[in-house]
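Using the numbering used here, you'd call the opening residue of the sequence shown number 209 and step up by one each time.
Careful, some of the hints might be misleading.
[Said to hold, decoys possible] Listed next, the in silico BS3-like pairs over lysine-lysine satisfying Cα-Cα at most 27 Å (straight line): (1) K210 with K230; (2) K339 with K233; (3) K230 with K269; (4) K330 with K270; (5) K330 with K269; (6) K309 with K330; (7) K312 with K339; (8) K339 with K230; (9) K270 with K312; (10) K290 with K312; (11) K269 with K309; (12) K339 with K309; (13) K269 with K312; (14) K233 with K312; (15) K230 with K270; (16) K290 with K330; (17) K339 with K290; (18) K233 with K270.
FYI, nobody ran anything at the bench for these hints, they're computed from the structure.
Predicted, not measured: the structure shown is a model, and the values here were computed from it.
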Amino acid sequence: LKFVGMEALGEGVRFIGGAQPKGLKPGIYFFLPFFMEIEIVSCAADIANIWVQRLTTTDGKKVALSFNIAFHVVDAVAHWTKVEDFGQNFHRMAARHCAAKVRKWSYPELMESQAALEVSIKETMQTRMAKLGWGVEIDDCGLTDLVEGRPLILIQKE
209 LKFVGMEALG
219 EGVRFIGGAQ
229 PKGLKPGIYF
239 FLPFFMEIEI
249 VSCAADIANI
259 WVQRLTTTDG
269 KKVALSFNIA
279 FHVVDAVAHW
289 TKVEDFGQNF
299 HRMAARHCAA
309 KVRKWSYPEL
319 MESQAALEVS
329 IKETMQTRMA
339 KLGWGVEIDD
349 CGLTDLVEGR
359 PLILIQKE
């Protein structure tokens with residue numbers, strides 16, 4: 209018999225055999241190793257830093273941009289069970305949407321539409337999270353870098 213405690217900003221997901229996982233609110237719970245498993249999920253606000261993307265606008269300008277998306281977990285069970293690797297899939301989904309939007313604009317349109325791009329990313333990611341049922345709500349989105357220039361990619365031999 210073991211005990212596990214969940215802090216105020218976390219929730220738990222309890223697995224017992226093949227039964228449906230059960231959500232656990234903050235508190236102290238016991239479990240039997242080998243028969244039960246409890247995973248702790250942080251429900252505190254978090255920020256995903258979406259890496260630099262090198263894109264081309266409709267008028268052939270090369271741009272590099274990155275952005276952040278603020279989110280929080282609202283359903284620990286869904287967050288733990290509905291997606292294999294939330295971080296990686298979330299990043300790729302956000303980057304793909306951003307790239308699709310940028311490729312539709314000329315450079316002057318992109319520069320004038322930065323706020324619209326942030327709103328588009330936020331709303332699209334919120335819609336996708338709800339549709340996929342990943343247990344996450346989007347709080348905010350903001351560009352962190354947007355520059356024109358020739359992309360330079362360094363390859364490092366490992």
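Status of the hints after comparison with the structure:
no., hint, in the structure
1, K210 with K230, "holds, 18 Å"
2, K339 with K233, "holds, 24 Å"
3, K230 with K269, "violated, 51 Å"
4, K330 with K270, "holds, 24 Å"
5, K330 with K269, "holds, 25 Å"
6, K309 with K330, "holds, 13 Å"
7, K312 with K339, "holds, 25 Å"
8, K339 with K230, "holds, 21 Å"
9, K270 with K312, "holds, 13 Å"
10, K290 with K312, "violated, 32 Å"
11, K269 with K309, "holds, 14 Å"
12, K339 with K309, "holds, 20 Å"
13, K269 with K312, "holds, 12 Å"
14, K233 with K312, "violated, 45 Å"
15, K230 with K270, "violated, 49 Å"
16, K290 with K330, "holds, 21 Å"
17, K339 with K290, "holds, 11 Å"
18, K233 with K270, "violated, 48 Å"
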